[in-house]
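Asker: Going down the list, the sequences are from chains A and B.
This note's numbering puts the first residue of the first sequence at 1, with every later residue one more than the last.
This note's numbering puts the first residue of the second sequence at 1, with every later residue one more than the last.
These are computed hints drawn from the structure, not numbers from a lab.
We put the CB at the ideal spot given by N, CA and C, even for glycine.
A hint or two may mislead.
To be verified - Derived contacts from chain B toward chain A, CB cut-off under 8 angstroms, selection only:
1) 410
2) 422
3) 425
4) 480
5) 485
6) 488
7) 492
What the hints assert, rightly or not - Computed list of chain A residues with no C-beta within reach of chain B, every gap over 12 angstroms:
8) 2
9) 78
10) 408
11) 420
12) 472
13) 488
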Amino acid sequence: MGLLSLAIWAPIAFGVLLLAIGRDEHARAVRWLALVGAVVGFLVTLPLHDGFQLGTAAMQFVEKAAWIERFNIHYHLGVDGISFWFVPLTAFITVIVVVASWESITERVNQYMGAFLILSGLMIGVFTALDGMLFYVFFEATLIPMYLIIGIWGGPNKIYAAFKFFLYTLLGSLLMLIALIFLYNQSGGSFDIATWHQLPLSRTAQTLLFFGFLAAFAVKVPMWPVHTWLPDVHVEAPTGGSAVLAAIMLKLGAYGFLRFSMPIAPDASREWAWLMIALSLIAVIYVGLVAMVQKDMKKLVAYSSVAHMGFVTLGFFIFNDLGVSGGLVQMIAHGFVSGAMFLSIGVLYDRVHSREIAAYGGVVNTMPNFTAFALLFAMANCGLPGTAGFVGEWMVILGAVKANFWIGLAAATALIFGAAYTLWMFKRVYLGPVGNDNVKGLTDIDSREFLVLALLGIAVLAMGLYPRPFTDVMDTSVAELLKHVALSKLN
Amino acid sequence: MIDNISWLAIYPEIVLLTMACVIALVDLGVHSARRTATYVLTLLTLAVVAGLQAMYASSGNTFYGFGNMVVSDAMGNWLKCFATVAMMITLVYARPYAADRGMMRGGEMFTLSMFALLGMFIMISGNNFLVIYLGLELLTLSSYALVALRRDNATATEAAMKYFVLGAMASGFLLYGLSMIYGATGSLDIGQVFKAVNSGQIRHQVLVFGLVFVVAGLAFKLGVVPFHMWIPDVYQGAPTAVTLMIGGAPKLAAFAITIRLLVDGLLPLAIDWQQMLAVLAIGSLLVGNLAAIAQTNLKRMLAYSTISQMGFVLLGLMSGVVNGNVDATAVENAYSASMFYVVTYVLTTLAAFGVILLLAREGFESEEISDFAGLNQRSPLYAGVMAVCLFSMAGIPPLVGFYAKLAVLQALVASGQTLYIAMAVFAVIMSLIGAFYYLRVVKVMYFDAPLTASNVSAPADVRVVLTLNGALLLVLGLLPGGLMALCADAVVRALAT
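Here chain A stands alone, though its shape is the one from the complex:
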């Protein structure tokens, strides 16, 4: 069994084990077993980093076996510079989520932890699948655990949120399914993504495919105007669910653009780039403004996620090195930062059971250690130099200016909004005199919460101060991708 298979199936195996034998009577053992599963899942991704060859755009750690011979579907895995970092990132966030949910989840612990472990394996599957149908199976399968996580452990309006999440994303992916089947027939019976990359396609076919994929990925990212599910879902989802959703699941969509839309339909991608750029800019500017007026902290961070993901899609569709690499870096950075933001809200929510900004005020007086972390993450969220949030946005803006000054200018103004809504929220929640009795009674974070936040804090700072390891891995693959996209596939 290869390393990638191990990274996928080890957490899933632990998850299934938890579902099978876990009971609430021994919740403690269940939590420890889940932690072991998550840590094992993370550890098996580490050798990937040592073995990864820089300077080649080829797929690495490739595993290939026939899966469904009738449709020529293969169990085909591999990573390149584009997908590599998402494998350890997913496993890392899963460890964080397991630790962060240690005490807040008391009912059906085994199902909660099992769902996250299974979800982790499935998401790694999405990032590593090199067969179109295998990708689709993993992509869709992630809906089931997430639906249950939101619906079982969510807030008061959880059922609405769970349905909205499931049906919204299902609609998008079903259109992608038709696109995949169409490609299968066009390519003479192959689901191999690399084959599809080389497949000549007419202009009409490319346009249809581009929009088929767009339906799936735009919903997942989510791009304006199909982003409306995200705030609703984030508000209702349990803390862990929000963190995984924002940190990893949104990236599945953005990753799809790089793996499917752009290389398979390069002419349509270039032709419709204006649309993608326009939608991205609207997300960055308009949704940024929407975030500013939110009263609910989770909703605010959810809208800020939409805005940040707008930077990612903007970077991709300006078709230069800086833009695409910047988008990728932004995806990883956002994984850390948004995860940390949601977990910080979770820390407050566990104590006060409110997400309203107005329910807080002066938290710094009672929780100084926690506020220090919150400040770090808030700064990263506004893109302060030295934090992870800065690198990606800066690269995207540079790339945008290179492509077109006005796009760059528009994107840069968004940084101001980002700073505005994040800092304003920070001020209202954390600073000032103690707002009310709830805040007065707060206790500072314990060592478990400290550990979670410290791990994320280190990641955020490390990536901000020394992003080289991230960009080095990407460079060759991104250059190769751009070279490929620049060539016409029209026949």
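Mind docking chain B on chain A? Use the hints.
Answerer: Coordinates of chain B only, in the frame set by chain A:
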């Protein structure tokens, strides 16, 4: 003089018939309330028959018996094997339910279900209009009696009556259509009919006139719109154990006679019947999915869901021939997709009804969706099995229902026809609507609080079979290749002659 090969062709049927009679007699001496001896003997018989069928099927030979009246081919044998296994599973799930409701004062349930199975065998093997019709009547007559088995129950009796009247009408339709075709071609033998129709010498109007009735009769049996009225009423009214007997294995037989009549016999008329199937399919997908949303009764919801699933089967059947050109690959793709769909559908239905039967107790039917509230807290295992069924019916990977839909959609898109691709998109949108009502049941089981805290208990045989059944849906979802290849191979062999 009947040759040996003829006997060989129907050997499993003979075993089944003999044992059905033997078991009816043996049962006279059984006095236990749960009829354990009869039950075990029935299961053993069915296991032997299923084994025989699998042996025949895996040999892959096609041979005819009794002057081409019956055929033994890979497709038929596999379908018979699956039908037998489905009937075994049905009986395991049905026994505690039937025992609690006084349906086992005699051993009729076992004998009748064996005769129903025999009817399915004859339908599947029939290579002659009359043989197929005989098999159909044997199946339906046994089913009417099964539905009415709960004599003291008004709704069951009403359902039996409805089933009988509409079923008789459907048989009439089918018989009338077959007689028209017989009149036009001068033969009841499916091979001869094919030759006659293919010669182009027969008047088209007469053939199409007969065809309309044949398709209507088949549509009744498959339960597709607009011939679906009986499905919700009978599903809901019949005792749940019998609902499973009607909604499970017989779908395999209905699929087989559709292939035998429309493809083996009337393929040259494909352009005509494909149009009809297209209309039926669109209607089924639309009505089935939309009506299912409004249901509060789970059995009725599953009835509408069946209608929509059968719409998918028809989509597969109609995509085999494009513009009248018979292309071997397209035919194989389309009909094997339909066969895979039916087989996996039956497997899923079995597990779903298995859970409903399990939750039913004496005096409590557990068929409202709200009866499933909080099932996850009461029994994570059975809630899990039900969730697997529902996600599979909704076509969410990695469950087997997804691959069934994938195969059908692939067959549609491969045709390259704009109309077919549009139908694929339509089917996809309909399955999105379908996902809503399946998810609603998952929601009730997982998100709602339980009404009672009582644990769910089940006899060991039910527990084991139900767990295996649910696991099989998952395993087939992870490794669907084998069954897909089997269906493709069976279809190729069946159509090669």
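Asker: Would you mind marking each hint as holding or not holding in the structure?
Answerer: Now for the hints, and whether the structure bears them out:
The closest approach between the C-beta of residue 410 of chain B and any C-beta of chain A is roughly 5 angstroms, which is under the 8 angstroms cut-off, so the hint is satisfied. For residue 422 of chain B, the interface hint is violated, the least distance from its beta-carbon to any beta-carbon of chain A being 11 angstroms, above 8 angstroms. Hint status for residue 425 of chain B: holds, given a least beta-carbon distance of 6 angstroms to chain A, under 8 angstroms. Taken as an interface hint, residue 480 of chain B checks out: its beta carbon lies about 6 angstroms from the nearest beta carbon of chain A, inside 8 angstroms.
The interface hint given for residue 485 of chain B holds, since its Cβ lies 5 angstroms from the closest Cβ of chain A, which is under the 8 angstroms cut-off. Hint on residue 488 of chain B holds. Least Cβ distance to chain A is approximately 6 angstroms, under the 8 angstroms limit. Interface restraint check for residue 492 of chain B: the shortest CB-CB distance to chain A comes to about 12 angstroms, outside 8 angstroms, so the restraint is violated. Every beta carbon of chain B lies more than 12 angstroms from that of residue 2 of chain A, the smallest distance being close to 17 angstroms; the non-interface claim holds.
The Cβ of residue 78 of chain A lies farther than 12 angstroms from every Cβ of chain B, with a closest approach of about 20 angstroms, so its non-interface assignment holds. Distance check for residue 408 of chain A against chain B: the nearest CB is about 39 angstroms away, which clears 12 angstroms, and the non-interface claim stands. At roughly 38 angstroms, the least C-beta separation between residue 420 of chain A and chain B is larger than 12 angstroms, which holds for a residue marked as non-interface. Non-interface call for residue 472 of chain A relative to chain B: holds, since the shortest CB-CB distance, roughly 35 angstroms, exceeds 12 angstroms.
Distance to chain B confirms residue 488 of chain A as a non-interface residue, since its nearest Cβ pair spans about 24 angstroms, more than 12 angstroms.
Of the numbered hints listed earlier, those contradicted by the structure are 2, 7.
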